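Colleague: Going down the list, the protein sequences come from chains A and Z. The first sequence begins at 415 in my numbering and counts up one residue at a time. The second sequence begins at 118 in my numbering and counts up one residue at a time.
Keep in mind the hints are simulated off the structure, nothing from the lab. Hints should not be assumed to be uniformly reliable.
Computed from the model, here is a short list of chain A residues facing chain Z with C-beta under 8 Å [stated by the list, open to error]:
1. 603
2. 623
3. 632
4. 651
Quick caveat: nothing in here was measured; it's all calculated off a predicted structure. Beta carbons: idealized from backbone N, C-alpha and C, even for Gly.
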Amino acid sequence: MMYFFDGTVNGFLTAFVQAFLDTNALLSSRVSQLPLGQEPITVTTDEKLAARAEQRLCAFDRNAKKDLSALLRSGEEDAEQAAFAYFKLLATKKRPVSRMFSEEAVFRATEILKRIGLEIHRFHGFIRFTECASGALYAPFSPDNDICDLLLPHFKARFPNYPFVLHDVKRKKAAVYDGQNVFVAPLDKADILLSADEENWQTLWKQYYTSVNIPSRERLKQMRGYMPARYWQFMPEKN
Amino acid sequence: MFDFSFLRVYNGTTMISQEKLRILTESAKYDVSCSSSGSERKNKAGLGNGYVAGCCHSFTPDGRCISLLKILLSNDCIYDCRYCPNRASTDVERATATPDEICELTIDFYKRNYIEGLFLSSAVTKNPDYTMEQLLLTVKKLRTEYNFHGYIHLKGIPKADEALNKEAALYADRMSYNVEFPSEKSLKLLAPQKNKQSLLLPMKTLTAERAQFREEKKKGFIKGHFLPAGQTTQMIIGASPEPDGQVLKLSQALYRKMDLKRVYYSSYVPVVQDSLLPQKEVGQLREHRLYQADWLLRFYGFSVDEIVEENENLSLEFDPKCAWALRNMHLFPVEINRAPLEMLLRVPGIGGKNAHKILEARRYTTLTFEDLIKMKIALKRAKHFITCNGKYAGAKNEFAVRGLLAAAEQSDSAEQLSLFPAFFGDTFPPVSERFLLRSSKANALTALTGQF
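Chain A with its partners taken away, still in its complex shape (with noise of 0.2 Å):
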């Protein structure tokens, strides 16, 4: 059976307790081709449910919550599947099972939390802000997992004096800091006037980029396997 839900926390929590006893079942919170004699569901989210689901979880692993959390975020295919058959385990096993790496569920769920995580690592070094003329930061990026919001902690830390904005243009979303608070907000476009010396900036990064690499060692591939083609789009130093 396909259960189709929300794609929130609770949503996943209220599938979770429904198909639970289904051994064929299938979780989804995007609209995508059927398999084959399969009836859809669709999930009202149950809001108490969900948290004596969670409850639940948490009482077996007290890391479920964040892990959960981390999971619905993934941009893979299948993490919802995942995410279903890791929490499935963990309620069969009545303990933590994040550590059985022989286990299928785990592995995978393990994987998936991995991307996630690599990616902000790798966020927190692509980044690439640019200065408006009001002093304010704006860095664009597309990453592959719903993860701007996470990468406020690193940049508020690091810039308490400049109010910044991280803008997700693909899930259309911008993670903000106005200089006190962090908050997340639907952003469609942005705006930008940049300062005046923002274009010579740009121009010296790139100079810095062309002279420090040593041409006679090119490495192309080491160099995307690094650094993904696709996350080049914003950087000035690949444009």
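Let chain A serve as the given structure and place chain Z on it in line with the hints.
Modeller: This is chain Z only, laid out in the frame that chain A set:
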């Protein structure tokens, strides 16, 4: 309202020229180290902080990462080290930046998230003391006037006044003096103005000072920082005749006695024509083997004596761990479900992360080969050295093991070099240094991994 007054201090007033940036970067780019790990420096109402794991901000087409803004304050050198492209007697473009130019460049690159910090070095201009003063002035300005708390790696100038070094250590996260050559004799021959004492003494002093500082800080007597990310050094491999055994012996001593965080190895490329220097370049494979051995020393509990004899080179055919295992076949195979961590770490093909994964997983179940495959543990090498629940899946005899391992090594020699996990912080050697260098005429002047 936010107070942006400090923006006015440096916004656009002394922007470094593109030309100068080019010269000073090109002179610095062969420096091997680019790591930004090890500092937990907090932001104190200014700009930036440390990132313990280190962070790469970009990657250049040569496959190396850009973590720090790697630049010289000046490339106008009075020394005439034979191997160095910036030596006094060559005719290269010279440039000198002002401390403010460097500070501004750092700040503006940093706040756009281009870099993780500054790696500042300099040719010896006028005299060592003057050069060190300029470097100190720059980092001090950056920390105090520009209120910068990001990462700073500062190159120490040999023979500079001790007090200057100590003061610099209060502002930098990491300092490094480059040993350059594994023996005094080679140093004398190729870098006549430097000597072993002038390199090791400041290192030693800083190590002692750092230990004392940490002790007192722990007790709460003092605040602040003193080289939170420690010291590193670099050796040029193959410009002088010392074998790997001697190189590693020195590394081990530096790790144990000087408490160094890293020793970098850079294989020599003959770009400077000199009768005292070999005309043949050193294969990157030798350098790669040295790094593998270095890892064994630091993370796998090996000592040099186990890896290589002092007067020998590392085997190019097998990686050092494989070579060790083949010499100690009587210790294998080990049972994956019972072997202690120290022994798991010594199995060829099982690294630190996988060893820990095995420890965790075997608490819940008896592991079989299928389990290991599911856990994505590479068995190509390991299968010859382990049993899973009593079963052995490797080759029948030692001779066959040897052959299969050699074949494995060959089949992925190219691929294997690129298998370093990309985001192991940046504690991994910069990528470029693991590969064959090809010297071209265009690059002949600067293509040298030596130190300035």
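Colleague: A separate judgement is required for each hint: does it hold in the structure or not?
Modeller: Against the structure, the hints come out as follows:
1. 603: 21 Å, violated
2. 623: Holds - the Cβ of residue 623/A comes within 8 Å of chain Z, reaching about 7 Å at its closest.
3. 632: 5 Å, holds
4. 651: 6 Å, holds
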